[in-house]
Amino acid sequence: MDKTYDPHRIEQHWYDTWERENHFAPSGQGAPYCIMIPPPNVTGTLHMGHAFQDTIMDVLTRYHRMSGNNTLWQPGTDHAGIATQMVVERQLNAEGKTRHDLGREAFVQRVWDWKHESGGTITQQLRRMGASVDWSRERFTMDDGLSSAVREVFVRLFDEDLIYRGKRLVNWDPVLHTAVSDLEVVSEEEKGHIWHMRYPLADGDGHMVVATTRPETMLGDTAVAVHPEDERFTHLVGKRVQLPLCDRTIPVIADDYVDPEFGSGCVKITPAHDFNDYAVGMRHDLELINILTEDAHISNQAPAAYQGLDRFEARERIVADLDAQGLLAATEDHTLMVPRGDRTSAVIEPFLTDQWFVRAEPLAKPAIEAVEDGRIRFVPDNWKNTYYEWMRRIQDWCISRQIWWGHRIPAWYDDDGNIFVARDEEAARAQARAHHGHDVALRQDEDVLDTWFSSALWPFSTLGWPENTHELRTFYPTSVLVTGFDIIFFWVARMIMMGMKFMDDVPFREVYIHGLVRDSDGQKMSKSKGNVLDPIDIIDGIDLESLVEKRTSGMMQPQLAKRVEKTTRKAYPDGIAPHGTDALRFTFCSLATTGRDVVFDMGRADGYRNFCNKLWNAARYVLMNTDGEDCGADTGSEVRYTIADRWIRSRLQATVEEVDRNIRGYRLDLAAQALYEFIWDEYCDWYLELSKPVLQTSEDGAERRGTRQTLVQVLETVLRLTHPMMPFVTEEIWQRVAPLAGRTGPSIMLEPFPTLEEDWRDQAAEADVTWIQTFILGVRRIRGEMDISPNQALPVLLRKGGSEDRRRLDDYGVFLSRLARLEHIDWLETGDEAPEAAIALVGEMELLVPMKGLIDKDAELARLDKERNRLRGELDKTEKKLDNPSFVEKAPEQVVAQERQRLEDRRTALEQLDAQYARIQRL
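Residue numbers (my numbering): 204 to 1126.
These aren't lab readings, by the way, just hints derived from the structure by calculation.
Any given hint could turn out to be false.
As a list, the in silico PhoX-like pairs of lysine-lysine whose alpha-carbon atoms are at most 20 angstroms apart [to be verified]:
(1) Lys704 x Lys817
(2) Lys1083 x Lys1093
(3) Lys1060 x Lys1080
(4) Lys704 x Lys568
(5) Lys1080 x Lys1069
(6) Lys206 x Lys1080
(7) Lys568 x Lys587
Computed beta-carbon distance windows for the label pairs [to be verified]:
(8) Ala1094 x Gln528: 51 to 59 angstroms
(9) Val802 x Ala905: 50 to 58 angstroms
(10) Ala228 x Asp385: 14 to 22 angstroms
(11) Arg676 x Val802: 37 to 45 angstroms
(12) Thr248 x Arg939: 33 to 41 angstroms
(13) Glu841 x Val1017: 14 to 22 angstroms
Just so it is clear, the structure is predicted and the values come from calculations on it, not from any experiment.
All C-beta atoms, glycine included, are put in the ideal place defined by N, C-alpha and C.
Please work from the sequences and hints to get the whole structure.
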């Protein structure tokens, strides 16, 4: 093995090998286990959320593959209708063209060309993360098979009257000229105004005051509403008011929607431009007046004075006209939530337009029951409540989009407006012929389907539905869906509804909801905040020049870039050192608690890069001591295990059990912690050191063979145990260690995941080694406290020990002398006077290290005195702060509590220093 761990050298080699040898494909044996990748946008690049989520899925996939399951991790990408169309339209704009210059057919072909040339960035980055998806089965939501499934579902739902076309209110992006989903709307607080307007009663007897943040919508008002029990206005219900600036009157109605405590208690109702008002309008059969065009200008349904104006220009003129006519009662500053399109940043308008809808309620009922009766389990369980909340108040789903890239709606129209829905144009023409008795001209609907419509079919369309394929019979229902909470309704719920409808079964057994990845300050990572870390930068490293470029281009928040740059200059003069994929993956695993957000800190990634180094160096030690040596595996030679061998084998079983349990329970953080503690603390820091006296000084050949065998077997097992989390470094080491452990498979990923070896458990060995560790740590603590060189051999005296202590000392003295660096160990018998010494406890036994002759008394007293004076000064400063009533009363409670704790800690530290000073004085 190379002396230095170099992730860059090994990672690409092993991934190419795995993919070339088709190791990611299902084995065809064992119980099926299947995960569907949440298909990333074809326009996308890998971000921290993807990297975190894909790490979780790959850990589960590799674990179940190694556990003997017939495992499929199904890959694919989403055509991302709006996002992809925008990418290609921007390219055309740079050429001085629009999509209309090309026409629909040529534009769609241009998008396909882009997809083939540039649409695979994120799939290549998934490979960098070590994702063991079955690339031979990669799907795209616009490929032929999935397109066929989409048309089949649409036609069947339409035939059952579960899809219909109607004029309803939708979220409208006036720049894209299309309906958008709620997920594509980002609402954030912005400063604005609230205007109070007087609406005169039509009979001339006073007025009503209404308030709005969007005065331009008043042009489409069709009622003023009050609460039916609001005594201030009950006498006005049924009367009419004059709509300002418009030549019409509107009724005063009573509706429970109105909050009598809010504002004046009177609410303007604009059914065509507000979702709540739309519902009121439906209840009261109000007229729907659309006063906006598709690009958010005032339409010809409004008074002529405002027609053609941009909505915000119209707002200013309307406010001015109201003021001029004495109808503007007041204007207030107001902070409000403004909905903007996530692609265009344009203010989204509720807009009345003809769209296609799915009747959601009939589909939701069996989907709710599937979670209620336990056929689908949410992890953590509380997320099912979010699911219920959305599903039990579900609204019909707008599935049409006014763009060109996507699944074109399989509906055709004749000149009379009749609709013929069919799987293809030929079938539609047959329907029209049967309707009219002869052939007629047909035109296909211009709209495409919402991207979420095709992704709702993902669990079964990717497996070949509507054909009854072998894959569909084998892997549906899938095992688990790994996803974020933000798309429980948009994707999770819709997959459940479609699965129950078309497969008559759930699409997955469990839904594992993970948290969001946040920066080290707990802020959500976003490009707008400039706090996004690129996973590839962490894997490959990044030089300072690129860091500065990211900061100046706005890709990274200035203070984040400066902080990274500062730590980078100190540790890595040329930039952020490459951490490798394994270190990043293990960092994610260590943070993957159930349901909680992930706070990512680069310091943690640095620590796990050191962990990879630790494992690498441990493997080098093992190979140097076992390669070419008799390990007793196949030679038939006698093997004898030392207490250290028996201990590490037993501790390994506890780790196997804990890792296995926690992976199955989706507690990757606890599994990672168990691995880290075993590898770093028990195997590397203790067992490797305990093995050295045997290998270097023992004259017992059987004992040396036992230790060599244990070194190899435990390392090989722990590599398999760690492989799902850190696939590359484990594969590289395993290829060298496996033959020594008697394994000859082509890859660690095809080897069995470790299971419990009950005959390796040894409680007695664990108790004995715990005694050895306590003894050695006691000596090391004394060295640290007394500032004694680690190279100086120490005399040790023991007293108050029992027969078990004496046995252990006789049996394991070689380990104690070697690891604690001891000159000699003697027992103090009853009545013997102990010299002035530092003391540590090993159970009931006292361990004494005589101080005389070990330290420079005067120098140590001077050092301790200096430290005591420093601590007294800090203690005095803290006491004065807490004695100050102004500080205690005005400072935050948490700050005061911290100062009080600091005071206690310093008092305790000073007491310990005083005791140590007195002990040294007595020498």
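Broken hints, numbered, in rising order?
-> 1, 3, 6, 10
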